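Engineer: Chains as they are written, first to last, in the UniProt record's numbering: chain A, 1 to 333; chain B, 1 to 133.
Any given hint could turn out to be false.
Now the in silico label distances, taken between C-beta atoms and shown as ranges [stated by the list, open to error]:
id : chain 1 : residue 1 : chain 2 : residue 2 : range
1  : B       : Val16     : A       : Gln15     : 39 to 45 Å
2  : A       : His3      : B       : Ile119    : 55 to 61 Å
3  : A       : Val2      : B       : Lys27     : 16 to 22 Å
4  : B       : Ile119    : A       : Ser174    : 46 to 52 Å
5  : B       : Glu122    : A       : Ser196    : 37 to 43 Å
6  : B       : Val16     : A       : Glu55     : 42 to 48 Å
7  : B       : Tyr53     : A       : Val249    : 42 to 48 Å
8  : A       : Met17     : B       : Ile119    : 56 to 62 Å
9  : A       : Gln18     : B       : Gln56     : 53 to 59 Å
10 : B       : Glu113    : A       : His66     : 28 to 34 Å
11 : B       : Val86     : A       : Phe31     : 37 to 43 Å
12 : B       : Ile119    : A       : Ile56     : 52 to 58 Å
Bear in mind the hints are in silico, worked out from the structure with no lab data behind them.
As the structure is a computational prediction, the values presented were derived from the model and not from experiment.
Virtual Cβ for every residue (Gly too), placed ideally from N, Cα, C.
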Amino acid sequence: MVHKIENQYKEILNQYMQRQSEQNLYVGQNFSRQLISENISPEEVISVHKAAMQEIYKELPDVVWHSFDFLIEMMINYGLALQERQSLLQRQEEIRVEMDLAANVQETLLKTKLPALKGLDIGLLSIPARKMNGDYIYFISDEEGHAGIAVADVIGKGLPAALCMSMVKFGMDSLNNSPASPSEVLGVINRVVEKSIDDSMFVSMFYGRYDASTAALTYGSAGHEPAILYRSKTGEFDELYAKGLLLGVSPAAAYEEHTVQLEENDLVIMMTDGVTEGRTDEGFIEREVIFELIQQKKDEPAQTIVQHVYDELERMQNAELRDDFTLVIYKKV
Amino acid sequence: MSNQSSVEILTEWDIVAARQLGRNVAKELGFGTVDQARITTAISELARNIYLYAGQGRIEIQQLTENGVKGILIIAADQGPGIPDVRRVMEDGFSTSGGLGAGLPGVKRLMDEFKIETIPGEGTDIRATKWLR
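Kindly generate the complete structure, drawing on both the sequences and the hints.
Structural biologist: Below, the structure is given as structure tokens:
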């Protein structure tokens with residue numbers, strides 16, 4: 001094969017030496033592509049060039065041949081750099097495939113079942129900024145009409161955040177208690193996170209327990225973005241704020257809880273900071289913009305409202321997600 | 001069958017001597033210009049590692065014949081600090097990112113066979129072979 005390449009190269013070079021036309025250069029360039037695809041290193045190309053020249057122009061002085069030997073020496077490290085690049089590209093591809101697999105595993109692992117509750121229409125969307133999601137929604141419900149929801153966000157993105165989130169899921173699973181109060185749930189998960197997760201990792205979480213028999217929502221928060229309550233009767237938006245430290249900061253942290261009564265067509269909007277901290281060229285997206293978007297679709301099903309908010313925010317940010325985006329809307333019907 | 005000679009590496013100029021020795025042997029064995037350049041680059045890299053990290057050591061060049069095929073063996077031996085994390089230095093992008101040259105992965109690519117033994121606190125022994133085709 002090397003012999004074939006040498007002959008082809010000699011012929012192309014000879015053509016060019018006789019006539020320095022653009023066409024002959026073009027033929028040469030195409031040939032160089034073939035050399036690259038056959039993993040011919042730069043030092044080998046020079047060696048082939050030297051051999052071709054020696055056949056065509058035997059009479060050239062020795063200095064010319066020496067100069068080629070020198071050039072070969074110069075090219076060895078370029079050849080190595082090329083090989084290293086190829087092996088790094090291959091490794092990058094392996095990592096990409098692994099990340100895709102991991103993202104699938106995560107999706108299966110963190111899958112949650114939407115509760116079917118009388119009088120409550122639920123819409124949700126969670127989109128990771130990268131492959132792995134650092135946001136998490138967890139539902140739990142029982143026959144008596146108690147439904148718990150956790151909306152959590154690991155400070156950070158990507159793989160470390162996703163691994164951390166698995167711990168939160170297992171904490172919630174082992175608690176397995178639908179009527180549990182938010183302050184109790186947050187207290188337990190706080191201790192799980194504090195014990196098992198790296199000191200540099202923190203998780204914020206909003207927890208809401210809905211009681212279908214009374215239409216009351218009791219909520220607590222561990223340093224999470226406050227949920228929003230939209231009152232259909234007055235058309236006003238209120239923050240559902242509750243005091244509490246981020247999960248994992250202190251094992252002794254205590255969590256407040258409050259209760260609101262939901263009326264027909266009221267909306268509860270729970271989200272992560274990926275929703276509120278979206279940015280356009282003009283700066284942060286104001287909360288009022290989000291309220292406005294919700295109001296535009298307030299009479300539609302909860303899922304339609306969620307999708308509308310996402311679509312519009314994505315459009316404003318030129319389809320660029322900087323952070324994991326998670327939005328859940330409860331609609332009292 | 002083997003035929004050996006060696007160069008002590010104490011100063012930067014000994015790297016040149018080791019290269020010269022390797023090139024002479026490679027030429028004698030019938031390696032072409034490109035392979036000569038590869039072999040001497042590998043020697044350079046190994047000798048430089050000795051000079052920079054172990055302070056002193058030895059480059060040995062042997063001629064080999066195995067099943068009628070001729071080859072060249074480079075042995076780089078030192079009693080330096082050893083390499084604590086061999087896997088790390090054998091990774092692409094680890095040593096080259098600091099602009100240190102080909103690194104040990106480079107030596108491995110330049111040659112056909114590569115073997116490293118290193119004991120922290122006792123030293124390093126690297127053997128690299130290239131066969132004449």
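Engineer: Against the structure shown, which of the earlier numbered hints fail to hold, in ascending order?
Structural biologist: 2, 6
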